[in-house]
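Q: Each chain, written out:
There are 2 protein chains.
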Amino acid sequence: MSRAAQQQPAARPTLEAVAARAGVGRGTVSRVVNGSPKVSAKARAAVEQAIAELGYVPNQAARSLVTSRTDAVALVIPESVAKLSSEPYFSDIITGVSAELAESDLQLLLVLVRNEHERERLTRYLTARRVDGVLLVSVHQDDPLPELLERLELPAVLGGRRSAQETLGYVHADNAGGARAAVRHLLSRGRTAIGTVTGPLDMEGAAARLAGYRQALAEAAVPADEGLVAHGDFTEHGGREGMRELLARRPGLDAVFCASDLMAAGAMQALREAGRRVPQDVAVIGFDDSVVARHTEPPLTSVRQPTEEMGRLMVQLLLEEIARPGRFRRQMVLPTELVVRDSA
Amino acid sequence: MSRAAQQQPAARPTLEAVAARAGVGRGTVSRVVNGSPKVSAKARAAVEQAIAELGYVPNQAARSLVTSRTDAVALVIPESVAKLSSEPYFSDIITGVSAELAESDLQLLLVLVRNEHERERLTRYLTARRVDGVLLVSVHQDDPLPELLERLELPAVLGGRRSAQETLGYVHADNAGGARAAVRHLLSRGRTAIGTVTGPLDMEGAAARLAGYRQALAEAAVPADEGLVAHGDFTEHGGREGMRELLARRPGLDAVFCASDLMAAGAMQALREAGRRVPQDVAVIGFDDSVVARHTEPPLTSVRQPTEEMGRLMVQLLLEEIARPGRFRRQMVLPTELVVRDSA
DNA sequence: GTGGCATTTGGGAGCGCTCCCATTTCGATG
DNA sequence: CATCGAAATGGGAGCGCTCCCAAATGCCAC
Numbered sequence: 053m054s055r056a057a058q059q060q061p062a063a064r065p066t067l068e069a070v071a072a073r074a075g076v077g078r079g080t081v082s083r084v085v086n087g088s089p090k091v092s093a094k095a096r097a098a099v100e101q102a103i104a105e106l107g108y109v110p111n112q113a114a115r116s117l118v119t120s121r122t123d124a125v126a127l128v129i130p131e132s133v134a135k136l137s138s139e140p141y142f143s144d145i146i147t148g149v150s151a152e153l154a155e156s157d158l159q160l161l162l163v164l165v166r167n168e169h170e171r172e173r174l175t176r177y178l179t180a181r182r183v184d185g186v187l188l189v190s191v192h193q194d195d196p197l198p199e200l201l202e203r204l205e206l207p208a209v210l211g212g213r214r215s216a217q218e219t220l221g222y223v224h225a226d227n228a229g230g231a232r233a234a235v236r237h238l239l240s241r242g243r244t245a246i247g248t249v250t251g252p253l254d255m256e257g258a259a260a261r262l263a264g265y266r267q268a269l270a271e272a273a274v275p276a277d278e279g280l281v282a283h284g285d286f287t288e289h290g291g292r293e294g295m296r297e298l299l300a301r302r303p304g305l306d307a308v309f310c311a312s313d314l315m316a317a318g319a320m321q322a323l324r325e326a327g328r329r330v331p332q333d334v335a336v337i338g339f340d341d342s343v344v345a346r347h348t349e350p351p352l353t354s355v356r357q358p359t360e361e362m363g364r365l366m367v368q369l370l371l372e373e374i375a376r377p378g379r380f381r382r383q384m385v386l387p388t389e390l391v392v393r394d395s396a
Numbered sequence: 053m054s055r056a057a058q059q060q061p062a063a064r065p066t067l068e069a070v071a072a073r074a075g076v077g078r079g080t081v082s083r084v085v086n087g088s089p090k091v092s093a094k095a096r097a098a099v100e101q102a103i104a105e106l107g108y109v110p111n112q113a114a115r116s117l118v119t120s121r122t123d124a125v126a127l128v129i130p131e132s133v134a135k136l137s138s139e140p141y142f143s144d145i146i147t148g149v150s151a152e153l154a155e156s157d158l159q160l161l162l163v164l165v166r167n168e169h170e171r172e173r174l175t176r177y178l179t180a181r182r183v184d185g186v187l188l189v190s191v192h193q194d195d196p197l198p199e200l201l202e203r204l205e206l207p208a209v210l211g212g213r214r215s216a217q218e219t220l221g222y223v224h225a226d227n228a229g230g231a232r233a234a235v236r237h238l239l240s241r242g243r244t245a246i247g248t249v250t251g252p253l254d255m256e257g258a259a260a261r262l263a264g265y266r267q268a269l270a271e272a273a274v275p276a277d278e279g280l281v282a283h284g285d286f287t288e289h290g291g292r293e294g295m296r297e298l299l300a301r302r303p304g305l306d307a308v309f310c311a312s313d314l315m316a317a318g319a320m321q322a323l324r325e326a327g328r329r330v331p332q333d334v335a336v337i338g339f340d341d342s343v344v345a346r347h348t349e350p351p352l353t354s355v356r357q358p359t360e361e362m363g364r365l366m367v368q369l370l371l372e373e374i375a376r377p378g379r380f381r382r383q384m385v386l387p388t389e390l391v392v393r394d395s396a
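Sequence order for the protein chains is F and E.
Each position in the first sequence, counted from 1, maps to that position plus 52 in this note's numbering.
Each position in the second sequence, counted from 1, maps to that position plus 52 in this note's numbering.
Treat the hints as calculated values from the structure; they're not laboratory data.
Glycine is no exception: its CB is placed at the ideal position from the N, C-alpha and C atoms.
Check the hints yourself; a few may be wrong.
Stretch-level coverage of chain F by chain E, calculated; a stretch enters the list once three of its residues show a Cβ under 8 Å from a Cβ in chain E [what the hints assert, rightly or not]: (1) 103-111; (2) 147-156; (3) 159-168; (4) 178-189.
Stretch by stretch, here's where chain E covers chain F in the computed footprint (C-beta under 8 Å, at least three residues) [stated by the list, open to error]: (5) 116-124; (6) 346-353.
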């Protein structure tokens, strides 16, 4: 019997138990729990007391079964991200998302997708509609996930977008504008041979940053030189490689705009390696203004995008979409801002 | 009617539908889906085909309702952590946890608890048993959460522990050993006035690092000097403040052991501010060997703890506990290792 | 006191699944 | 070919909730 007692740890009270205790019907308890106004003050009081006495907490599975809502949303971070800690961008998104989600009563499901197997798992999961909505960051042009989301008619908001014709809702930063501001700043400081290390160009954000770089040069009537463009992948390693390449091709360059802070950090390593001083010989500007920008030596001038805020906004758009599905998809572009430190 | 069609987007097939299509009973389909061996090859084939044709995916809510399992675990990161991105430790834990969880079929619920309100929300959530188990990191001595978990008899594993008498399962690093190794290294390099900036001492890990520091000095017969101990909080800001304090009290110190990399980074700022060179005037050692250690100038010597691995192990212990609740709680201590770079 | 309307209430039906048991089917053996 | 135990199967019951409708109650005006 002690064994039996052990096996049955205090069965949780059900709606029915609360109803019995409060001397009302199930319907009334349900109404109180869900905050319906159609309940008399007396009944509400009785129910609330019963709930408190019994320590009643609704069973979400039962609720889900009938409402087919889950009160959870997934934040999907795809591939590439070997370690979250080396990608401050994602950490900041998570922080913002989590903060905003806590204010509604939704739970955050974090899904890191590293390989095909995990992507399949996610597909199954989404097909089963185990979340009310999805936040998807770091979208690549040929990413199959956005299409899946559309097909499933699952509310979704992207961080970034696939293209300018994006059909899903999204939040992203003014990438081209930020890049332009960075390059103009370099020009204004008298730099003339300005290179860039791009992000992966199958990401619209990275492409936009490159476009902004080119625009700024064109505006200033600086002749385009493809030798000054190296392709990276947003990682530190990519930044280092890109910078080495640039240095090999155009030893005379005097500034570089990197499409992420991480790449800028890598570029600075390559510059140090090559005996160039920052900013005296080569000025460096990054993008994101993430935590690494304050820790490089010298501290990094960077284009700030409000990453955490973007996480919050993504949640807000998603909640709207969940509330009235299929309505117009909101798409937001947030301003960026150049934060000048010592590297440029 | 187009409106009606719009409202009912392709109702998902149920178990029953699969059963009908395969010409078998519900029970058989359920057995196939759940991998029971008690199914004839013929029936299994028929069911699998029906599942494929219909695109059947089980409804988790219905399943949960009867099994009272949720196939999800929560990773709880409490308070303090203003921004995930500035705390690489947590990002690494998340990475490990997520990777390990993906291999079983569990989902990861990320819960950042920043304030009392969010803690209440979590309490309600756990009381409702909306997860099968909980991973709790950054445990403080008086944290009410571990007790709640015990009371609820919810499988749980801690990252760190409340004390040496911890009753819950946990995974942590050999903090004292790591600290000892760090200080011994400083002594071996001829440093004699070695200070420390501690973490929050209501965390066992931080206390153990301080204890290790003291042990190493005692072993070497260096007289204890409380003036060389400053209290921090694991943050960069705390490290800067702690270092300033130390410098004010013991201007002659020639080394400092910081209980986290972040604090070491802060300490290095304070040292630079004070015109001290690292490592010539003052050697610095951190703890964690997180991503920041590779980015300080000079690169930081640090005590490595296998953070990501710890996340994975926490999941493994949790799965064991979920599988056979109430069995002995496993407690693991992982070795640390000094990674020597340029700061010491 | 009566009628009529609005408000409140109770509880049946049903969401999709697993559990379990009674029944059927199969296969081996004598 | 009959018999028996093992293996496979079907389907009722029930998990705890919301939805909804019919019934009860309350309130006001006349």
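Q: Any hints this thing doesn't respect? Which numbers, in order?
A: none
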